[in-house]
Amino acid sequence: MMNANVQLSNHLHKNATLIQNIWRGFTARRLFRQRVKTAYFIMKMNFYNKMAVKIQQRWRGYYVRKYVHNYYARKRYLEGLTRKNEHIRRDLEEFAELQRRERERITLEKEEKEKSIQAQRLHFLLSTKQCPGVFNSPFRAEPDEMELRLRKVKPLLVQSAPKERKTPILTPDLSNLMPNRERLPPIHKKPQGPFRPALEVQQQRHRPLEPSLRVATSITALEEAREELKRQEWRTRVIDQTFLPFSNTSRNKRYESLMHTSTPFEQVPYGTKHFREEHKEYLKGKKPFKTVFTTCHVFDKFGQLYSDAGNIV
Numbered sequence: 001m002m003n004a005n006v007q008l009s010n011h012l013h014k015n016a017t018l019i020q021n022i023w024r025g026f027t028a029r030r031l032f033r034q035r036v037k038t039a040y041f042i043m044k045m046n047f048y049n050k051m052a053v054k055i056q057q058r059w060r061g062y063y064v065r066k067y068v069h070n071y072y073a074r075k076r077y078l079e080g081l082t083r084k085n086e087h088i089r090r091d092l093e094e095f096a097e098l099q100r101r102e103r104e105r106i107t108l109e110k111e112e113k114e115k116s117i118q119a120q121r122l123h124f125l126l127s128t129k130q131c132p133g134v135f136n137s138p139f140r141a142e143p144d145e146m147e148l149r150l151r152k153v154k155p156l157l158v159q160s161a162p163k164e165r166k167t168p169i170l171t172p173d174l175s176n177l178m179p180n181r182e183r184l185p186p187i188h189k190k191p192q193g194p195f196r197p198a199l200e201v202q203q204q205r206h207r208p209l210e211p212s213l214r215v216a217t218s219i220t221a222l223e224e225a226r227e228e229l230k231r232q233e234w235r236t237r238v239i240d241q242t243f244l245p246f247s248n249t250s251r252n253k254r255y256e257s258l259m260h261t262s263t264p265f266e267q268v269p270y271g272t273k274h275f276r277e278e279h280k281e282y283l284k285g286k287k288p289f290k291t292v293f294t295t296c297h298v299f300d301k302f303g304q305l306y307s308d309a310g311n312i313v
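Heads up, the sequence shown stops at 313 in UniProt numbering, and the numbers go up one at a time, no gaps.
Worth flagging that the hints you see were computed from the coordinates, not collected in a lab. The structure presented is a predicted model; accordingly, all values stated were derived computationally and were not measured. Keep in mind that the hints are not guaranteed to be accurate.
[Stated by the list, open to error] In silico DSS-like cross-links for lysine-lysine, where the CA-CA straight-line distance does not exceed 30 Å:
(1) K129 / K152
(2) K129 / K115
(3) K50 / K66
(4) K37 / K50
(5) K154 / K113
(6) K290 / K280
(7) K113 / K129
(8) K54 / K66
(9) K129 / K154
(10) K44 / K54
(11) K152 / K115
(12) K110 / K152
(13) K75 / K54
(14) K37 / K54
(15) K290 / K273
(16) K66 / K84
(17) K154 / K115
(18) K287 / K273
[Claimed, not checked] Distance ranges between label pairs, derived from CB positions:
(19) K113 / P138: 28 to 34 Å
(20) Y71 / L98: 36 to 42 Å
(21) A225 / K286: 38 to 44 Å
(22) F195 / L222: 43 to 49 Å
(23) Y48 / R89: 56 to 62 Å
(24) R276 / A216: 51 to 57 Å
(25) K54 / H87: 44 to 50 Å
(26) M43 / S9: 47 to 53 Å
(27) L98 / W59: 54 to 60 Å
(28) A96 / Q120: 34 to 40 Å
Even for Gly, the Cβ is constructed at its ideal location relative to N, Cα and C.
Let's have the full structure, built from the sequences with the hints guiding it.
Rendered as structure tokens:
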């Protein structure tokens with residue numbers, strides 16, 4: 001009987017172990033498949049993300065090079081800008097050269113005009129057949145430039161001041177030219193219009209003065225009222241000592257030292273009334289500080305002393 005029970009128990013344990021092995025293997029394989037699936041999904045997502053990053057890099061690089069920072073377009077723009085700058089610089093140089101020539105031409109014309117005016121003024125120095133002029137010296141091989149200029153220009157004519165005409169200028173009489181017209185009637189001395197009576201206007205001009213409140217009031221009215229209130233309060237005051245409540249009777253009372261104490265328990269004036277501490281008992285035997293310096297004898301005798309070398313100091 002015991003052997004049968006032991007065999008049955010062993011058989012049951014063996015079958016239970018087999019069932020547990022099968023079940024645990026099934027659950028382990030299911031968990032493994034789930035983990036493999038998760039790992040595969042993670043690996044796939046990582047791969048997709050990596051590829052997406054590469055695609056985005058390529059696309060963004062292309063987009064930036066194409067539309068944002070196009071190197072070749074920038075290069076073409078800079079080349080065009082360089083050509084334009086060269087063209088503008090060349091035009092500016094030509095314009096500057098033209099302006100310089102114009103200034104030189106104006107300067108030469110001005111000098112030529114001044115020389116011509118000077119030659120007209122000095123035309124009397126022109127040489128003649130009998131007597132050579134100042135600018136045509138016989139000791140020179142060729143005459144001076146001013147001599148040639150004097151031969152070309154005409155002498156400067158001195159114009160006299162205009163004289164007043166003695167004969168009056170005849171002006172035609174307009175009364176004879178204008179046809180006869182009827183004269184207008186004279187203007188009335190009294191002004192026309194709906195004016196106020198003269199008596200009412202006179203009364204308005206001489207009416208009594210009616211100042212406003214601001215003009216009638218004194219500037220120091222507020223101060224005068226305050227002074228009047230102070231005088232009235234002083235007249236109606238019963239006693240000069242102000243009334244203090246019972247809670248404040250000893251607050252403003254001055255401390256009176258006792259006969260048995262030697263130290264006054266009162267507020268020290270240093271820090272409240274003044275900020276300079278003085279100990280006059282320490283200064284009894286000392287001389288006061290002098291704020292004026294004595295004169296230096298060297299500077300008083302400046303220029304009056306002699307050094308060893310004999311020079312004046």
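Verification of the hints:
{"no.": "1", "hint": "K129 / K152", "verdict": "holds (16 Å)"}
{"no.": "2", "hint": "K129 / K115", "verdict": "holds (24 Å)"}
{"no.": "3", "hint": "K50 / K66", "verdict": "holds (24 Å)"}
{"no.": "4", "hint": "K37 / K50", "verdict": "holds (20 Å)"}
{"no.": "5", "hint": "K154 / K113", "verdict": "holds (13 Å)"}
{"no.": "6", "hint": "K290 / K280", "verdict": "holds (18 Å)"}
{"no.": "7", "hint": "K113 / K129", "verdict": "holds (28 Å)"}
{"no.": "8", "hint": "K54 / K66", "verdict": "holds (18 Å)"}
{"no.": "9", "hint": "K129 / K154", "verdict": "holds (18 Å)"}
{"no.": "10", "hint": "K44 / K54", "verdict": "holds (15 Å)"}
{"no.": "11", "hint": "K152 / K115", "verdict": "holds (12 Å)"}
{"no.": "12", "hint": "K110 / K152", "verdict": "holds (18 Å)"}
{"no.": "13", "hint": "K75 / K54", "verdict": "holds (28 Å)"}
{"no.": "14", "hint": "K37 / K54", "verdict": "holds (26 Å)"}
{"no.": "15", "hint": "K290 / K273", "verdict": "holds (27 Å)"}
{"no.": "16", "hint": "K66 / K84", "verdict": "holds (25 Å)"}
{"no.": "17", "hint": "K154 / K115", "verdict": "holds (13 Å)"}
{"no.": "18", "hint": "K287 / K273", "verdict": "holds (27 Å)"}
{"no.": "19", "hint": "K113 / P138: 28 to 34 Å", "verdict": "holds (31 Å)"}
{"no.": "20", "hint": "Y71 / L98: 36 to 42 Å", "verdict": "holds (40 Å)"}
{"no.": "21", "hint": "A225 / K286: 38 to 44 Å", "verdict": "violated (57 Å)"}
{"no.": "22", "hint": "F195 / L222: 43 to 49 Å", "verdict": "holds (47 Å)"}
{"no.": "23", "hint": "Y48 / R89: 56 to 62 Å", "verdict": "holds (57 Å)"}
{"no.": "24", "hint": "R276 / A216: 51 to 57 Å", "verdict": "holds (54 Å)"}
{"no.": "25", "hint": "K54 / H87: 44 to 50 Å", "verdict": "holds (46 Å)"}
{"no.": "26", "hint": "M43 / S9: 47 to 53 Å", "verdict": "holds (50 Å)"}
{"no.": "27", "hint": "L98 / W59: 54 to 60 Å", "verdict": "holds (56 Å)"}
{"no.": "28", "hint": "A96 / Q120: 34 to 40 Å", "verdict": "holds (36 Å)"}
The earlier numbered hint that this structure contradicts is number 21, and it is the only one.
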